[in-house]
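Participant: Given these sequences and hints, build the entire structure.
These protein sequence lines are chains E and G, in that order. Quick note, in our numbering, the first sequence goes up one by one and the last residue is 209. Quick note, in our numbering, the second sequence goes up one by one and the last residue is 316.
Think of the hints as simulated: they come from the structure by calculation, not from any bench. Where is the CB? At the ideal position from N, CA and C, for every residue including glycine. Don't take each hint at face value.
[Unchecked claim] Simulated restraints on C-beta separations:
(1) Met-97(E) to Leu-257(G): 30 to 36 Å
(2) Asp-61(E) to Thr-266(G): 43 to 49 Å
(3) Ser-179(E) to Thr-296(G): 49 to 55 Å
(4) Glu-87(E) to Arg-308(G): 37 to 43 Å
(5) Pro-147(E) to Arg-308(G): 54 to 60 Å
(6) Asp-31(E) to Gly-218(G): 41 to 47 Å
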Amino acid sequence: MAEHDHGSHLTEVELRVRALESLLVEKDLVDPKALDILIDTYEHKIGPRNGAQVVARAWTDPEYRQRLLDDATAAIAEFGFTGRQGEHMVVVENSPMVHNVVVCTLCSCYPWTVLGLPPVWYKSAPYRSRVVIDPRGVLEEFGLALPEEVEIRVWDSTAELRYLVLPRRPADTDGWSESDLARLVTRDSMIGVGLALTPDELTRQEAAS
Amino acid sequence: MNGAHDLGGMHGFGPIEREAREPVFHQEWERRCFAITLAMGAYGAWNLDMTRFARETMPPGEYLTTSYYEHWLHGLQRQLIEHGFVTLEEIEERVDALRREMGHAQT
Chain E
1 MAEHDHGSHL TEVELRVRAL ESLLVEKDLV DPKALDILID TYEHKIGPRN
51 GAQVVARAWT DPEYRQRLLD DATAAIAEFG FTGRQGEHMV VVENSPMVHN
101 VVVCTLCSCY PWTVLGLPPV WYKSAPYRSR VVIDPRGVLE EFGLALPEEV
151 EIRVWDSTAE LRYLVLPRRP ADTDGWSESD LARLVTRDSM IGVGLALTPD
201 ELTRQEAAS
Chain G
210 MNGAHDLGGM HGFGPIEREA REPVFHQEWE RRCFAITLAM GAYGAWNLDM
260 TRFARETMPP GEYLTTSYYE HWLHGLQRQL IEHGFVTLEE IEERVDALRR
310 EMGHAQT
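Facilitator: Rendered as structure tokens:
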């Protein structure tokens, strides 16, 4: 999407945000440098690579996996991933018979500490309205066709409770290190609209980028 | 409270549109709106439920036809006014002043 920030013709929305910031700065209520730091943090430092580390450890360390399923907030905090919109975490584990998928039908609740800020589609009306009544159809739209016998569980997040899906460990990854395994863990697999990459898919993806 | 935001189970919103290599923010004003909201939230004058409520007070027609960060902006402005950080008059005056400035910059 194109940027429209040319200064000379600001939209009403842009004018209003600029007006609010200038008023709050003038009243000494916000510091523009602190705003820059917040933006940099969520744009560059917090993202799905955090969650991928958590998943990879759960795949390699059975005791960690158990701690994660018993008390996700504490187990995730072992990595130092704490803070806003990750205060109360629940991890739901996929199995051969159960596939989990996460939504926030009311708004955009999402586990920021492990996934960063949500993509636009997650916050959009089509996803929020439909995944709860037609999860299988929605997953197919994401290119994920699950066998009929697999039960799909949809978790509706709230402002208090945030879900992270623990995807299944792909086949042919025996002996892989935690950091290599983390490369297989996509954002979408932790929302539940995808699976973790297979080693082949990872190779193809890395060759393409 | 139910309302336009309570979307679970509704029909007719069409296909899910995804963007390849989606950036975290699409426009500069989204970055600023996001950061101001977090920074002002740190004063503890309101909690997350109050913030959501403030966003959900947007008229339903408007809610469904505006973007996510426009919901944030609506909620932020309402909360700043309600909690006495700024007045609506101050905001409107500043918007007008900025608009005039931009007008001059164009000529």
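Participant: Now tell me if each hint is right for this structure.
Facilitator: Hint-by-hint comparison with the structure:
1. Met-97(E) to Leu-257(G): 30 to 36 Å: 35 Å, holds
2. Asp-61(E) to Thr-266(G): 43 to 49 Å: 46 Å, holds
3. Ser-179(E) to Thr-296(G): 49 to 55 Å: 53 Å, holds
4. Glu-87(E) to Arg-308(G): 37 to 43 Å: About 40 Å separates the Cβ atoms of Glu-87(E) and Arg-308(G), which means 37 to 43 Å holds.
5. Pro-147(E) to Arg-308(G): 54 to 60 Å: Given a distance of about 58 Å, which is inside 54 to 60 Å, the answer is holds.
6. Asp-31(E) to Gly-218(G): 41 to 47 Å: 43 Å, holds
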